[in-house]
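Engineer: Residue strings, one per chain:
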Amino acid sequence: MAIDHRHVGETSELRTVVVEEGFLRLFAKAVGESRPIYTEIAVARAAGLRGLLAPPTYLFSLHLSAPAAQGDVFDPHGMAVDPSRTLHGEQSFEAFEPIYSGDTLMLRTVTTDIVSKKGGALEMITQHTEAFNADGALCGRMATTMVVRNG
Amino acid sequence: MADLPGTSDWIVGLEMPEFIRGPITRRDLALFAGGSHDHVAFHIDSDAAKAAGFDDVIAHGMLCMAYLGQALTHWVDQDRLLAWNARFVSMTPLYATINCRGSVLAITEDATAKVARLSIVAWAGPDRQALVGEALVRLG
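Here the protein sequences come in this chain order: F and U. Residue 32 in numbering that gives the first Met the number 0 sits at position 33 of the first sequence, with consecutive numbering throughout. Residue 5 in numbering that gives the first Met the number 0 sits at position 6 of the second sequence, with consecutive numbering throughout.
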């Protein structure tokens with residue numbers, strides 16, 4: 000089922016996500032991370048950090064944890080992409096300010112491109128997400144291209 | 000850990016210390032699904048993987064990207080990692096061992112910053128690239 004290209008330019012609401020310590024610790028466990036700034040809050044704080052440091056791919060997980068009401072690729076009333084037909088195509092991150100457990104961030108996602116390939120058998124959706132911290136500063140930006148297999 | 004040049008001593012061609020994870024197990028995928036909020040079924044449920052056309056569950060691309068991120072932050076402090084990217088060029092099967100490698104392609108310096116551009120690759124086997132990308136690291 001082809002994705003309507005009218006979704007290009009669609010911008011999500013600014014949605015709130017809290018960076019939770021427990022999920023950061025589970026993420027660390029899952030990837031075999033044992034360094035204390037990523038896993039032990041007392042050590043992180045003693046080192047002058049305000050919480051556990053979110054590792055370099057974590058903005059993607061924060062985005063997944065806070066799906067947008069507007070413009071989410073899986074929204075059945077929107078692009079209605081079937082997760083079982085998706086593959087991750089490309090991913091990029093820009094880091095401006097560190098993200099820590101306990102932070103409250105605001106995320107905004109824009110669909111920047113939808114491209115059909117192979118006569119519609121594949122579609123590639125690109126979205127850019129920005130994260131702002133409680134000071135209003137841009138702390139991270141990412142671009143995600145998902146490949147949808149229609150064939 | 001062998002002596003590594005400080006970031007002031009980097010040169011083109013300098014190689015990132017190799018970083019190895021795996022073999023990736025079903026347990027790894029289950030924990031990563033939970034910890035990363037990616038609950039897509041074909042990463043954790045063999046029935047769903049087969050229904051989606053795979054032989055068995057496949058690893059999240061972002062699990063391999065997390066390993067690449069670890070490789071980078073073992074080499075330089077995370078606050079030096081300005082930007083990085085990856086293309087997912089092949090799917091990562093269950094039981095894969097991931098070898099993360101990188102090398103310095105270029106070093107540029109202007110009035111505000113000295114930055115190294117790295118080539119980075121996550122290999123899932125001797126002939127199979129899973130992720131290919133680049134990273135920008137602030138040297139000074």
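Don't take each hint at face value.
[As the list claims (entries may be wrong)] Using 30 Å as the maximum straight-line C-alpha spacing, the simulated DSSO-like pairs for lysine-lysine come out as follows:
id: 1; chain 1: U; residue 1: K49; chain 2: F; residue 2: K28
id: 2; chain 1: U; residue 1: K49; chain 2: F; residue 2: K116
id: 3; chain 1: F; residue 1: K117; chain 2: U; residue 2: K49
In short, the hints are calculated from the structure, not lab data.
Engineer: Compare the structure with each hint and give your call.
Structural biologist: Results for each hint:
no., hint, in the structure
1, U:K49 - F:K28, "holds (28 Å)"
2, U:K49 - F:K116, "holds (24 Å)"
3, F:K117 - U:K49, "holds (24 Å)"
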